[in-house]
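**Student:** So the protein lines, in turn, are chains A and B. The first sequence runs contiguously to residue 320 in the working numbering. The second sequence runs contiguously to residue 320 in the working numbering.
Mixed in with the good hints, there may be bad ones.
[As the list claims (entries may be wrong)] Mimicking DMTMM-like on lysine to aspartate or glutamate, the simulated pairs with C-alpha atoms at most 25 Å apart in a straight line are:
1) B:LYS119 <-> A:GLU3
2) A:LYS119 <-> B:ASP31
3) A:LYS193 <-> A:GLU3
4) A:LYS119 <-> B:ASP151
5) B:LYS193 <-> A:GLU3
6) B:LYS119 <-> A:GLU36
7) A:LYS119 <-> B:GLU36
Calculated directly from the structure, the hints in this document are not laboratory data.
Number of protein chains: 2
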Amino acid sequence: MQETRLDTARIRAARRVIDPIFLDSPLYRCDALEPELGCAVSIKLETANPIRSFKARGTELVASQLAGNGSRAVVCASAGNLGQALAWSGRRRGLDVTVVASRFATAAKLDRIRALDAKLELVDGDHELARDRAADIARYDGIRLLEDSLDIETCEGAATIGLELVDNEPSFDTVLVALGGGAMATGIGHVLKAFAPDVEVICVQPLGAPAMTHSWRQRRVITTDSTNTIADGVAGRRPIPAVLDDLLLVADDAVLVQEASIITGMRMLLHHAGLVVEPSAALGIAAILEDRPRFAGRHILTIICGSNVDPDTYHHWVSS
Amino acid sequence: MQETRLDTARIRAARRVIDPIFLDSPLYRCDALEPELGCAVSIKLETANPIRSFKARGTELVASQLAGNGSRAVVCASAGNLGQALAWSGRRRGLDVTVVASRFATAAKLDRIRALDAKLELVDGDHELARDRAADIARYDGIRLLEDSLDIETCEGAATIGLELVDNEPSFDTVLVALGGGAMATGIGHVLKAFAPDVEVICVQPLGAPAMTHSWRQRRVITTDSTNTIADGVAGRRPIPAVLDDLLLVADDAVLVQEASIITGMRMLLHHAGLVVEPSAALGIAAILEDRPRFAGRHILTIICGSNVDPDTYHHWVSS
Chain A
1 MQETRLDTAR
11 IRAARRVIDP
21 IFLDSPLYRC
31 DALEPELGCA
41 VSIKLETANP
51 IRSFKARGTE
61 LVASQLAGNG
71 SRAVVCASAG
81 NLGQALAWSG
91 RRRGLDVTVV
101 ASRFATAAKL
111 DRIRALDAKL
121 ELVDGDHELA
131 RDRAADIARY
141 DGIRLLEDSL
151 DIETCEGAAT
161 IGLELVDNEP
171 SFDTVLVALG
181 GGAMATGIGH
191 VLKAFAPDVE
201 VICVQPLGAP
211 AMTHSWRQRR
221 VITTDSTNTI
231 ADGVAGRRPI
241 PAVLDDLLLV
251 ADDAVLVQEA
261 SIITGMRMLL
271 HHAGLVVEPS
281 AALGIAAILE
291 DRPRFAGRHI
301 LTIICGSNVD
311 PDTYHHWVSS
Chain B
1 MQETRLDTAR
11 IRAARRVIDP
21 IFLDSPLYRC
31 DALEPELGCA
41 VSIKLETANP
51 IRSFKARGTE
61 LVASQLAGNG
71 SRAVVCASAG
81 NLGQALAWSG
91 RRRGLDVTVV
101 ASRFATAAKL
111 DRIRALDAKL
121 ELVDGDHELA
131 RDRAADIARY
141 DGIRLLEDSL
151 DIETCEGAAT
161 IGLELVDNEP
171 SFDTVLVALG
181 GGAMATGIGH
191 VLKAFAPDVE
201 VICVQPLGAP
211 AMTHSWRQRR
221 VITTDSTNTI
231 ADGVAGRRPI
241 PAVLDDLLLV
251 ADDAVLVQEA
261 SIITGMRMLL
271 HHAGLVVEPS
281 AALGIAAILE
291 DRPRFAGRHI
301 LTIICGSNVD
311 PDTYHHWVSS
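Whole structure, please, built from the sequences with the hints as guidance.
**Tutor:** Written as structure tokens, this is what we have:
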């Protein structure tokens, strides 16, 4: 197999750098979901930590590296979860963290970034504009730009989830991973292809933000002019070529799901599993809902990657 | 110190018997709760497992013992969580599990007990009547009666939570534990008093189900005629003398809280921590809310002991 940019030895080493609070997250069967879904369902729960998403696995690597080489500052663009994670990892290492986000980002995420003492700069546009602005700040201030999915630490941090999945002989047939920029999908995919090549890796993206899925299908970068999805954590328009190259090596499929399925997935996870999840974290359940025959009788694992929601909006989704 | 019925060596050994899926549950600071509570708050999350409560730590011990000595059947009374746990632990060991519950018990809990292949028998009365009925069944059928809090496995199973709390030098000053029959409080209290005697152990019970708290205060068993609380998991009326004796040795205080505080606690855990919890699991937060000056500036740990709720009822609580 052609090689991704990720390195298995570095991923193993990452476990010694990441605060244990983010490692060895719960992994268990959710029987109560199964009658409605028609397949066995296990979840890997990445929300039971201080920042309520998996993103700190990557920011711990970056922040510890920066602190180690005497850097004082770092900037990233974020839909909100990477920013929270970088703020958390940076604060405890004395780093000045700047997060650039869209002013349309989930308010609860922005509030938490501020509460974690990061400097928050809002742009009047979408996530891609925030990416441009973060790059400008890095250039102007001469500080490290952390680019989600492009920077290998974000992929290898996420890949430590993969190590935990293959720790024992995996009992699942398929892993459903939310697809946005691609850090989580390439990270987990890399490890699964290395240690459990028979496990199918399926990426799931909203129909309203399909750029990376279209790119994967056509094997070249496809951008879109806009996004339209409640799954704010995966709403990019400009896939990164190097990440697409990796994704082409590790993903077995990439599927698109409707907003209504995402909402049904969120509601099912609340009612049957007692889990609050943000829309991106329900993409896997949405994929099962939209193609039950494909998954019937199989054992599916999906990563519950985040739970940062605005209470009122969440309430509206799960009650609708 | 006078000794409880619990044995530290057995508690350590229990970790080798309990399915790892129930061990080493998440333990983390919840910054987002802190501004409103005025103290540092850490949580030990016992809901991220297949039965959504801590009770399987105890039932794993009982079921493995029964399977080991060739027993085929076991019966317990339960408000719902112990029954689910025993059904889960018994099913994978080929045991016939009977659960006796009040017909007024939380429907979601009863549904899960049935889904886990246990025989469910409902009594037309409260939990104490279910206890009597379970004892009758055990006597009549000649099978093992599992009695929550009285049977040492339920206390020592819960005590493994305590081991995880003292694993590193504890950074918290006080542990707030939900108090019902007393298994969790005596279990965790035993370990804390042994390994971290400076940590204060405070039991929290609803004003509407105060029997064990009154008993602790008066150092003798006090029963009540009825209970009136939404915290179904801790709504007993007849404390068990041997459990009270243990509780007198390990608890530094026992406090009672109002229903409104429990509901506010549930809502705060949902909105600020993204956690669905059942009323019993919000007792610790309720205790802080009712006496902020007592806890101001301290570091409090509370155990989120269960998340089994009826969706509609839960929705009503957190929206009210």
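**Student:** Which hint numbers doesn't this structure obey?
**Tutor:** 1, 4 and 5
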